[in-house]
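Novice: The chain contents come next:
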Amino acid sequence: MKKSIFEKKWVSVLFWIVLLIIAWEIGAFIVAATKRTPANILPHLTNIIAAAFSTKQVAGKLTASEVVFTSAGATLFRALVGFVLGAVVGYVLALLMKLSGIVEKLIFPYLMLIQLIPVIGLAPIILSITGDINISRVIISAILSFFPVATNVLEGMKAVPKDNYDLMYTYAAPKWMIFSKVLIPSSKPYLFTGLKTGAPMAITASILVDTLQGDGGLGCMLSQSLKHAMNIYVFWLIVFFCAIIGILSTYVIGWIELAVTPSLRVERRTSRPGRPKKNKKALIEKNGGMNNDSSQIQKV
Amino acid sequence: MTAVRSRKSKSAKNAANAALTIILPVALGVLIVALWQGGVLQKLFGTDDYVLPEPTRIFSIFQDNSSAVWANIKITTSVAMLGLLFGSLLGYAAAVLGALKPGIGAGALAVVGAFASVPLVALAPVMNNLTRDVSRVAETRSFVAKILVVMLIAAADMGLNAYRGLTELPPYAVDLMKTYAASSKTVFLKLRLPNSVPYIFTALKVSVPASIMTAIVSEYFAEFNGGVGRQIRENILLAQYSTAWVYIMAACGIGVGTYVILMIVRSIIARKFHM
Chain A
545 MKKSIFEKKW VSVLFWIVLL IIAWEIGAFI VAATKRTPAN ILPHLTNIIA AAFSTKQVAG
605 KLTASEVVFT SAGATLFRAL VGFVLGAVVG YVLALLMKLS GIVEKLIFPY LMLIQLIPVI
665 GLAPIILSIT GDINISRVII SAILSFFPVA TNVLEGMKAV PKDNYDLMYT YAAPKWMIFS
725 KVLIPSSKPY LFTGLKTGAP MAITASILVD TLQGDGGLGC MLSQSLKHAM NIYVFWLIVF
785 FCAIIGILST YVIGWIELAV TPSLRVERRT SRPGRPKKNK KALIEKNGGM NNDSSQIQKV
Chain B
-18 MTAVRSRKSK SAKNAANAAL TIILPVALGV LIVALWQGGV LQKLFGTDDY VLPEPTRIFS
42 IFQDNSSAVW ANIKITTSVA MLGLLFGSLL GYAAAVLGAL KPGIGAGALA VVGAFASVPL
102 VALAPVMNNL TRDVSRVAET RSFVAKILVV MLIAAADMGL NAYRGLTELP PYAVDLMKTY
162 AASSKTVFLK LRLPNSVPYI FTALKVSVPA SIMTAIVSEY FAEFNGGVGR QIRENILLAQ
222 YSTAWVYIMA ACGIGVGTYV ILMIVRSIIA RKFHM
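Chains as they are written, first to last, in the working numbering: chain A, 545 to 844; chain B, -18 to 256.
For the record, the hints were derived by calculation from the structure and aren't laboratory data. Possibly wrong hints are sitting among the right ones.
[Claimed, not checked] Result set (DSS-like, lysine-lysine): computed pairs, CA atoms no more than 27 Å apart in a straight line:
(1) A:K719 <-> B:K(-6)
(2) A:K579 <-> A:K600
(3) B:K82 <-> B:K171
(4) B:K55 <-> A:K649
(5) A:K553 <-> A:K600
(6) B:K166 <-> A:K552
Every value quoted in this text rests on a predicted model; they were computed, and no experiment measured them.
Okay, chain B solo, but in the shape it has when bound (with noise of 0.2 Å):
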């Protein structure tokens, strides 16, 4: 009886707990929404409602401007993903590189591990002044640009932790291969590649949020007016604070939508791979 007892209780302690995670935060997010509408938070950070508007006015003005709005949402999320796809794929063929001949593999890894420090704002310039010839209207030259640093941030990402995936296996799987006298690409197909799968999402956890700050940092340098960065800006310097705030939205919206698409993505995949 009395163990029946606790138990009961103890299931019950879990449920308030569970139900006290999703509630204090969310109180937690609906005070800090009322103080900002209230203008408490204006007051605390000392500024007022015209460089910090209130949560209404940043959604009116998003709803009269949503057309622009999306269409800069758009340069930015593509040049941040097709900078993803070409950036992951170079940094998994850098990995590969690096898997199948270790001695200069080993080497190029190195290098593409130290761009991932390199600050954006050196590349973004370079690469603005490098692709000047690839087309005659800025706009295009500005995305390839913008592409391009991205691309690098995201392939040195890639590069490390498929390196890793590609190398670090369980001895008894490769044990296993050897008494089957598996030929090296029989190892690379079905050990190998299948091994990189987890370590190619740990990646991309990384990269993604990575590579749309990277876009929206080379936006702020790039030839064309467009996108969600350059807009922030050129808003804040015309003082339209309402509209830089309705951007800096979007841009907070493309970080979170993004990564619950690749957690999607993640677990469609993961019960594929039984990962």
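Excised from the complex, chain A in its bound form (with noise of 0.2 Å):
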């Protein structure tokens, strides 16, 4: 009977969150009771939650939620912006490269050059080429979700099988057609694992960007605090908050691939079990061609 309760995926997720926070509690207690400044190493998760809720002003007439939520705005907004720009680039790029074999030749090496490369490790050079902080947020989380979503939609591109050309040479499609009718639908499931990789990393590098000058923004208030220019408590609010935001952008994107791919749900519908089938035979023909896509996805 135990075992029936764990086969469901939330229950043991839950099971593995509760182990954490114990965790946590006890190392929280231990630190506590061995050193001077338990703030600083480990506090209560109940003290955190209630320097959420807290109206004490730590910052000029702000509390710490409002300190957190205000300076994420500036930060968070630009990240957003960069991410769209280098997504869009990114896509653009790829189409680029797949419709003239000159432009992949000459970029491709490069793309995957700058993969290895520790683009973050940039930001502090663009901050002072660019010499503006908002731009050199929206560049460099630009820069950081161009890439994956370059390469990943080149190769969604590159994985259509012949069959599929051949079809499309039958029909004497144009090659505009090629594209809006293969090339592009098939390289969607791609497109999003690009996207999810891309977006905790422009979040990332936003934050980053912040650090390196005292200009507002989540990162400047992470590094005041630890410094005690501010209640230690909002340091621990944006890691908290960091976190969340970091997971939930990859799960916003997970929603949005979902509203945009019909034959996704239908698989996710089919694979649950005890739910009511409705029209089966429709559902296997579309199952069928949907695990097409989800094995080009595992191969990323």
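Take the two lone chains, each set in its own frame, and fit them into one complex as the hints suggest.
Specialist: See below:
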């Protein structure tokens, strides 16, 4: 009986989360008993939650939560702008590379090479080149989301089976139609894989740029409260906030993918046991088509 | 006769194509370096050759400071590699747990996967604080903190990929094992383990560059003033842009170098496992 409970995934996820919370709290009790400043090392989770809802003003006339949210606005908005910009440019470049062999030959080796380079290390130099922190945030987020999107989409377009081209050839389809009917739809799962990799990176980059200059933003507040220029709980709130935003970003992209890919919804529904399966035959047919897609995702 | 000629022209075309594959990117690279050296790149970005010094100047500064640069490269590389090693082992252990105990394991993998999308900037300072008491020496403390951050990132990559390698088995192989009435231990050693080897390399392809990036970012936050990442930042704060560029180039070198090593190891093991 006990085993059947754990077969549900959310139960087992909950089990591990509870285990982590217990481990954290045990650690917090030990730290509180042995250290002079437990809040710096490992405060109780209850204290962090209390700090989130406290009305005490920590900076100017802002409470801890207000500090987090106002600075998050500046950071995350730029991260989003950069992310969208990078994704669009990356997608267009992948299309260009697929269209023209010369462009691909010219750029592809560099695309691979730059992925091996820690681009985030360039953050300080980009800040000193542009001189403006907001532009730097956008540029670095764009660079970081550009590469996973470009490489994944190109890989998706290259993975199209020859049969699909042959079929379009028998239809005497023009080139733009091959793109719109074959290449773009089949690269869709790859696009979302790229976006899922890029999103946390874009957020990380934007926060990192904040720490380089004292001009507001999450990263700036993070380093200030670490240096005790502000209540230390602001630091913990930002840490949890970043973690939640980072995890949420991949989930949000997953939801968008689900919303624009009807076949994926069908697959989810059929793979979930205990649900009434309405039109079984149609589902199986669609599922056959979908298996192809999911195997493509796994390859990435 | 015509067939021979067409084959000949085809092979000539292929050779030309292959030559272009090498010539075009090299030409682009040479062009960029030339523009950079000539100061056109600087004008294009709206800066001067102080913020963006020419390649020859960067190289001469590297030669002047080579021993310091190498020392910092050693710090960053050892952090990244030790974190990668421990993290991969941890991730693989989580994957084995997940494969053997599907219920609890799936949840563990979901939690490990969530760590992959936690921004580094949130992890690095927490690890710094947690490791305050590891050692009296700031250098050792920071070293442990940085390794822990890299470890978490590498563990997430390895865990998710290795789990797929351990569970997505070829159906015929599973059937074969059943006909042999193989014990689950035998299935694990003879089927699951070898099946997961290619997936380990899929994970490493992502996590080797990622762990170097993680090491560099966590150096920004570390207590101890060492490593390539920290040097980039410190030198820019001191407005020593040329030295900062030396370290940026060093970071790129580490990234490319470790990847090349990974590919060599992969090809050696691939021959052994017939991947």
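Novice: Each hint needs a verdict: does it hold in this structure or not?
Specialist: Results of checking the hints against the structure:
1. A:K719 <-> B:K(-6): OK: K719 of chain A and K(-6) of chain B at ~23 Å, within 27 Å.
2. A:K579 <-> A:K600: holds, 25 Å
3. B:K82 <-> B:K171: holds, 18 Å
4. B:K55 <-> A:K649: The hint is violated at about 34 Å.
5. A:K553 <-> A:K600: violated, 40 Å
6. B:K166 <-> A:K552: Cα-Cα ~26 Å, so holds.
Of the numbered hints stated above, those contradicted by the structure are hints 4 and 5, listed in ascending order.
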